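Engineer: Sequence order for the protein chains is A and B.
Note that this note's numbering has the first sequence beginning at 73, numbered continuously upward.
Note that this note's numbering has the second sequence beginning at 36, numbered continuously upward.
Keep in mind that the hints are not guaranteed to be accurate.
Unchecked claim - Computed, partial: chain A to chain B, Cβ under 10 Å:
| no. | residue |
| --- | --- |
| 1 | Gly86 |
| 2 | Pro88 |
| 3 | Leu99 |
| 4 | Asn122 |
| 5 | Leu127 |
| 6 | Ser131 |
| 7 | Ala147 |
| 8 | Pro169 |
| 9 | Glu175 |
| 10 | Tyr186 |
| 11 | Asn244 |
| 12 | Lys248 |
For the record, the hints were derived by calculation from the structure and aren't laboratory data.
A quick note: this is a predicted structure, and the numbers were derived from the prediction, not measured.
Every residue, glycine too, gets a C-beta built ideally from N, C-alpha and C.
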Amino acid sequence: MIRLVNVNKYFYRGDPREVHALKDVNLSIQSGEFTVITGPSGCGKTTLLNAIGVLDNVSEGEIWLEDREIAHLPATQKTDIRLNSIGFVFQAYNLVPVLTVEENIGFIMRLQGYSDEAIRIRVREVASILQIDQKLDSLPNFLSGGQQQRVAVARAVASKPKIILADEPTANLDSKNSTALMEMMKELNRKEGITILFSSHDEYVMKNARRTILLNDGAVVSS
Amino acid sequence: MFSLALKNIFFYKGRSLTTFLLTFVSVFLFIVYVAFMDGAHRSMLKNALDVYTGSLQIYHKEYREKGGYDYLIDDVSKPLGILARTKGLKAYASRLETYGIASSKKHSSAIMLTGVDFDKEAQLSELKKALKKGTYNSKGACVYMGETLAKRLHTDIGEKISFVGSAVDYSFVAELFDVCGIFKTGMYDFDSQSAFMNRRYFDSIFLSEGMATYIVAMADSLGENDKIAAHIADRLPPQLELYTWKTLMHSMVELMKMDSFFGYISMGLFFMVIFFVIMIYGFINVNARMKEFGVLRAIGVSDARVSALLFTEILLLTLAAMALAVPLGAYVAYYFQVHPIIIAGMSDMYKSYGVVSDRVPTLFDPVIIAWNSALVFGLNMLSILYPIRYVRSFTPVEEIHHV
Ligand SMILES: Nc1ncnc2c1ncn2[C@@H]1O[C@H](COP(=O)(O)OP(=O)(O)OP(=O)(O)O)[C@@H](O)[C@H]1O
Ligand SMILES: [Mg+2]
Numbered sequence: 073m074i075r076l077v078n079v080n081k082y083f084y085r086g087d088p089r090e091v092h093a094l095k096d097v098n099l100s101i102q103s104g105e106f107t108v109i110t111g112p113s114g115c116g117k118t119t120l121l122n123a124i125g126v127l128d129n130v131s132e133g134e135i136w137l138e139d140r141e142i143a144h145l146p147a148t149q150k151t152d153i154r155l156n157s158i159g160f161v162f163q164a165y166n167l168v169p170v171l172t173v174e175e176n177i178g179f180i181m182r183l184q185g186y187s188d189e190a191i192r193i194r195v196r197e198v199a200s201i202l203q204i205d206q207k208l209d210s211l212p213n214f215l216s217g218g219q220q221q222r223v224a225v226a227r228a229v230a231s232k233p234k235i236i237l238a239d240e241p242t243a244n245l246d247s248k249n250s251t252a253l254m255e256m257m258k259e260l261n262r263k264e265g266i267t268i269l270f271s272s273h274d275e276y277v278m279k280n281a282r283r284t285i286l287l288n289d290g291a292v293v294s295s
Numbered sequence: 036m037f038s039l040a041l042k043n044i045f046f047y048k049g050r051s052l053t054t055f056l057l058t059f060v061s062v063f064l065f066i067v068y069v070a071f072m073d074g075a076h077r078s079m080l081k082n083a084l085d086v087y088t089g090s091l092q093i094y095h096k097e098y099r100e101k102g103g104y105d106y107l108i109d110d111v112s113k114p115l116g117i118l119a120r121t122k123g124l125k126a127y128a129s130r131l132e133t134y135g136i137a138s139s140k141k142h143s144s145a146i147m148l149t150g151v152d153f154d155k156e157a158q159l160s161e162l163k164k165a166l167k168k169g170t171y172n173s174k175g176a177c178v179y180m181g182e183t184l185a186k187r188l189h190t191d192i193g194e195k196i197s198f199v200g201s202a203v204d205y206s207f208v209a210e211l212f213d214v215c216g217i218f219k220t221g222m223y224d225f226d227s228q229s230a231f232m233n234r235r236y237f238d239s240i241f242l243s244e245g246m247a248t249y250i251v252a253m254a255d256s257l258g259e260n261d262k263i264a265a266h267i268a269d270r271l272p273p274q275l276e277l278y279t280w281k282t283l284m285h286s287m288v289e290l291m292k293m294d295s296f297f298g299y300i301s302m303g304l305f306f307m308v309i310f311f312v313i314m315i316y317g318f319i320n321v322n323a324r325m326k327e328f329g330v331l332r333a334i335g336v337s338d339a340r341v342s343a344l345l346f347t348e349i350l351l352l353t354l355a356a357m358a359l360a361v362p363l364g365a366y367v368a369y370y371f372q373v374h375p376i377i378i379a380g381m382s383d384m385y386k387s388y389g390v391v392s393d394r395v396p397t398l399f400d401p402v403i404i405a406w407n408s409a410l411v412f413g414l415n416m417l418s419i420l421y422p423i424r425y426v427r428s429f430t431p432v433e434e435i436h437h438v
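So that you can see chain A by itself, here it is in the shape it has in the complex (with noise of 0.2 Å):
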């Protein structure tokens, strides 16, 4: 579903600053997949991510999402992408502070056109598979950490992105917590067939994922 081919991404290339980020990463991802991305701080985790949501560009290489490169797209087509196909889920929840969790949830929905009773019944659906009914009409900032990265998450999948990737969405929250979310994103890749791949270096979240992929010093040391 994922192809990386070669993919090199250099910080400041030319300067004495220069960071070699990504080097020359071959990855496959199949569809369904529950894939965990780890490694030492610094490693490249982040900036792997970054890429395959087309969010940055490479300097490098070929990202295919099925059968289209798209890492050398131009912005509006990735944008594209990232609204259609892609559902990101941040390290710090960054949700729309303006907007209801409800509104939140069905951001993306209505970006993409759904009709205002399609999101309604959806982000019903997504909110209380992750047990956040109770909080539709809060403001965001009126919520706790996991709340708030739950709401996130169920903006990710609302929409049925082919793929979600998340950068760490643990990482701020407390051991309960992670394992309820780790529980949920487990469930939605069962129950709804979501790919999704994430990075972590939390012990337990690495324990559950069915494949790790271990960076290190921007290259794939095993996958």
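Fit chain B with the ligands to the supplied structure of chain A, relying on the hints for placement.
Structural biologist: Same frame as chain A, but now just chain B with the ligands:
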């Protein structure tokens, strides 16, 4: 996007309130300021034209360049007939100017003696209102002269002066006149050189029956003057030409243009400041929301939609401020048009232009108000362009990590 914009406006209250208030104040001040400025100009001008000049004058061609009796209008009946058939004129009359030397027992002075129809001048100009002493509408060998001229000649009502000059056929004229009336307009040149005489007696001495140096007319409304002037000019015989106050009062028009120019410059500076303050607030706001924009763009909101969002926010704020400021400004402009402000001493300052009133009505003109509002509106819309560019200059990843 619209409802998101609305929610952002209520969420980021500081920025919204600042933008709203600044826009409100600038639209309101602009409308009122321009109404006052234009109103002051309009009333000064109206005053000045009312005194003597009228809103348009008709001459024989070349008179204004060369002067003299060779370029008089030799038959006023035709142009007067055209004026009689023209709608929108308050009054009109012909005048004949001659120059000569007037002497009392003690002194002599060069004067301009003008033959006028006193009845018509009473409607057309302020000559009658300017009466200080004696009688205005005198018959026979009577002159009505400026106060300064009378002083210069050391003469007064009831005394006689002699006049030496020439009739329109260039024959010699030497006559004795009675001083029957003295006037004061406040315009120095006018009061120190002019004397008037009724047309019938004047024509018998200067052999000028049916002739005129020029014909003067006053339109009911200055706004219509150009239209009326064009209408008349189209119908004039080819040897005649028409001038409007814009040419006749050239120096005053220039003075007002200068004044307007500086008025707009100072307003312009004021707006520059407002513009930058609004822009800076917009910029600070956008900067604080960088992370939010990063997230929006990361989850698939296009750059165009982010721009539209920011644009909608400023649009709503501007429209809301203008919805209050425009009617309020227009009301103030209208109110002070109906109830003019009195600026003491203004008539003294502009005396040489013939301004005789201290009342300054504003000018309530919906078209000008619409233009001024559109200008502020445009500036506000421009103020968001830089913040939009700024947002778009980053990648979503950079924005999410923005501090
Ligand atoms: N915007 C950037 N500019 C310059 N260098 C960067 C930038 N982002 C990342 N890097 C560098 O690229 C390398 C990989 O960073 P990355 O954030 O991908 O690591 P990570 O594995 O996500 O680390 P962590 O576990 O701490 O989140 C690091 O050396 C980092 O300093
Ligand atoms: Mg990271």
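Engineer: Are there hints from earlier that the structure breaks, and if so, what are their numbers?
Structural biologist: 1, 2, 3, 6, 10, 11, 12
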